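Working from the sequences, and respecting the hints, build out all of it.
Spelled out, the chains give:
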Amino acid sequence: MKIYKIALRNIARNKRRSLLSGTAIAIAGFAIVFLFAFLAGMTNDMEQNLWTYMTGAVRVRHSDFDKYERLNPMHLAVPDFESLLDIIEADPAVTATSPRINFPGRVPIGGIGSDEKVNVMGMGVDFDREASYQDYGRTLVEGRLPEAGTREAVVGRALAEKLGIGMGGKFTVLSQSGSRGSNAFTFTVVGMISLPMTGLEKVMFQVPLDTAQRFLWLPEQVQEILIKVDKKVDSPKAVAARLGEILSSDVPLNVWDYKEVNGMAAMIDLAVKIYDIIGIIFFLLASTVIVNTTIMVIFERMKEIGTLGAMGMTGRQLVKLFFLESLFISIVGALVGIAIGIGVTAYFGVVGIDAFAKAMEGMDSMGIGAILYPVLNFKSTVMVFVYSLVVTGLATWWPSRRAAKITPVEALRHV
Amino acid sequence: MNFKRFLILVITLTAIAVNAFSQTAEEVIRKMDELQTFDTMYSEGTMITEDRFGEKRSTYKAWSRGSQDFLIEFTNVEERGQKILRVDDELYLFYPDAEDIIPMHGAALKQSMFGDISYEDITEGRNTLDKYDVEMIGSEIVDGKDCWVIEMIATSRDVPYPKQIVKVGKEDYVLREAEYYARSGRLLKIVDVIKVETFGDGRLMITEMVMADQLRRGSSTRMRIDTLEIDPRLNDDLFSLRSLY
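As you go down the protein sequences, you meet chains A and B in turn. Its first residue numbered 1, the first sequence is counted upward by one per residue in the working numbering. Its first residue numbered 1, the second sequence is counted upward by one per residue in the working numbering.
These are calculated hints, taken from the structure and not from any lab test. Among these hints, one or two may not hold up.
[Claimed, not checked] Calculated pairs, EDC-like style, for lysine to aspartate or glutamate (alpha carbon to alpha carbon, straight line, at most 20 Å):
#, chain 1, residue 1, chain 2, residue 2
1, A, 117, B, 120
2, A, 162, A, 115
3, B, 110, A, 115
[Claimed, not checked] Take a look, some chain A residues computed to stay more than 12 Å from chain B by CB distance:
#, residue
4, 86
5, 95
6, 248
7, 278
8, 303
9, 308
10, 320
11, 332
12, 376
13, 390
14, 393
[Stated by the list, open to error] What follows is a set of in silico ranges between Cβ atoms, one per label pair, in the way DEER data are often shown:
#, chain 1, residue 1, chain 2, residue 2, range
15, A, 219, B, 52, 20 to 26 Å
16, A, 219, B, 218, 27 to 33 Å
17, A, 71, B, 90, 25 to 31 Å
Source: prediction; values computed, not measured. Ideal placement from N, C-alpha and C gives every residue a C-beta, glycine not left out.
Here it is as structure tokens:
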């Protein structure tokens, strides 16, 4: 009889034992699929949020603005940005661009006698162009986008609550201007946006770019151009390097990829590696269950091992027998675990996990959203299956060899 | 003169001198305030900030009544129509594109109004002796002028600077230099008077000064009065919120 047939028969003969081992592997497989999908979702989320609201995949700015950013030097803007956009958009890796002006401001509330002011972050964008950059289909939860040339604004829903205004309501923003003075403008709310980052939603409002230029005394200028790229075509770093060579302006420019802009973004790569190590440790812990089960099986089956040895089965064949038994259990266990993991992850991938919403509030600077959507990928499915087999295979190898070294005389002592 | 009479004279003169010296600090400050306070005044001027980013220049028109009420309207292109009103110890900002008047209170007053000048720098008014204990600490020559050096320690928290050292001309009672300190003793701002002119009834008026915020490295703001009219007739409602619109 072939050894694999004996292995299959042994698995079927002791169903409870096989089920226990298989379940341990299935649970480990499920947990790892979900963990990797959760971490992939988090890094994906970080990247998307950073690209959309903070850094772009690549960002173009007046180089002195970066240098003196803490002083909010609004006057250090990028002139003649339209011609820069023509060059940027000709790059094959560029998928979307967003010329914009970010301006911190303060909104007085409570009337003339009150000294209460709410800190806000305004963003002047070209809404026609921005529709392909920001996902307004998802974020615009009420009303419409502002029209160019008007004093209309879309406001973060949480900010609107703080300001105590609704649709059609008005608010006045006091901000530093590009003339190095100050200015204040009154805007009317025509839309509400719900942003993935709670902290950002509490401060952000968006207005037409031309209105922001007028308000901030930055005619025909923007503070920055954010660029999204298709990573399959080229990396943000390569695109930044390429654009950095060909873009020229009357002012010195910094063309930086998002990892250069945001130190936290550079941590993503490190985080992914750490997550991988955590995943492997998790799997190694799960594999101790398998090792334990296999050892117990071998001790339980000493009589059988002795008999098989006495009947002429070699040590190598015994190792193969036990190894195959464990491997078959691992394959089934891993497949079941991964299938459940895929199902659960797919569900949460749609509805999202908001259990950490409160904890994530302070993570805005890292771009982590309040609601996380786990993402299945090659690593969280196929690789987890391969890991399962390798780890359980290795975990079985040692006790199987132990079985092979048992002599028939020694085994028969257990009879 | 016998010794006894001589001793009495010395003691009397010393007492008079000590008394006069201690009164002088208050007198000097009171006179300095009086000289710079007018029933009404109209001026046009220029403010120039120089810092690491270059020069920023703004022009303005200003009206004042007594030591407390004033209205400033910016006239340069970028800030044209923006107004700052101080009335009843309150400060209000008006911007032509804003429907609301913005009141400035508390910590907001520490923000820069123009370069090195914060809003609280223009809220202080005069009546210095109501808010500070003053003490004469010496004399010093400032730009060739013999000056009293007076230390002023705030008696209330409603002042922008807990401690000031002012140098006031002995001949004309005009401020020549001032240093503003934080409660910790850290030097925050230095004011240098550049130009003093005689107006109308012979009164002296500071027409150019430079303020340097010591926390803004390499930055200074020059204020210059280009046109001055003393005691003009002003509308009664000029210093009211209504006048801002």
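Hint check:
Under the criterion of a C-alpha separation no larger than 20 Å, the hint pairing residue 117(A) with residue 120(B) is consistent with the structure, at around 17 Å. Straight-line distance between C-alpha atoms of residue 162(A) and residue 115(A) comes to about 15 Å, which keeps the hinted pair within the 20 Å bound. For the hint pairing residue 110(B) with residue 115(A), the CA-to-CA distance comes to about 13 Å; that is within 20 Å, so the pair holds. No Cβ of chain B comes within 12 Å of the Cβ of residue 86(A); the nearest lies about 29 Å off, and the non-interface call holds.
The beta carbon of residue 95(A) is kept farther than 12 Å from every beta carbon of chain B, the shortest such distance being approximately 35 Å. Separation of residue 248(A) from chain B is adequate, the least Cβ-Cβ distance of about 22 Å exceeding the 12 Å criterion. With a least CB separation of 45 Å from chain B, residue 278(A) remains clear of the 12 Å interface cut-off, as annotated. Under the 12 Å C-beta cut-off, the non-interface status given to residue 303(A) relative to chain B holds; the minimum distance is some 84 Å.
Distance check on residue 308(A): its Cβ is at least 85 Å (rounded) from any Cβ of chain B, clearing the 12 Å threshold; non-interface status holds. Chain B leaves residue 320(A) outside its interface by the beta-carbon criterion, the shortest separation being 77 Å against a cut-off of 12 Å. Chain B leaves residue 332(A) outside its interface by the beta-carbon criterion, the shortest separation being 67 Å against a cut-off of 12 Å. Here residue 376(A) stays apart from chain B, with its beta-carbon at least about 50 Å from theirs, past the 12 Å limit.
Listed as outside the interface, residue 390(A) is consistent with that label: its C-beta sits roughly 60 Å from the nearest C-beta of chain B, beyond the 12 Å cut-off. Non-interface status of residue 393(A) relative to chain B is upheld: no Cβ of that chain comes within 12 Å, the nearest being about 65 Å off. One distance hint, 20 to 26 Å for the beta-carbon pair residue 219(A) and residue 52(B), holds here, with the actual separation near 23 Å. Take residue 219(A) and residue 218(B): their Cβ atoms lie about 28 Å apart, and the range 27 to 33 Å holds.
Checked against the hint of 25 to 31 Å, the pair residue 71(A) and residue 90(B) passes, with Cβ atoms roughly 29 Å apart.
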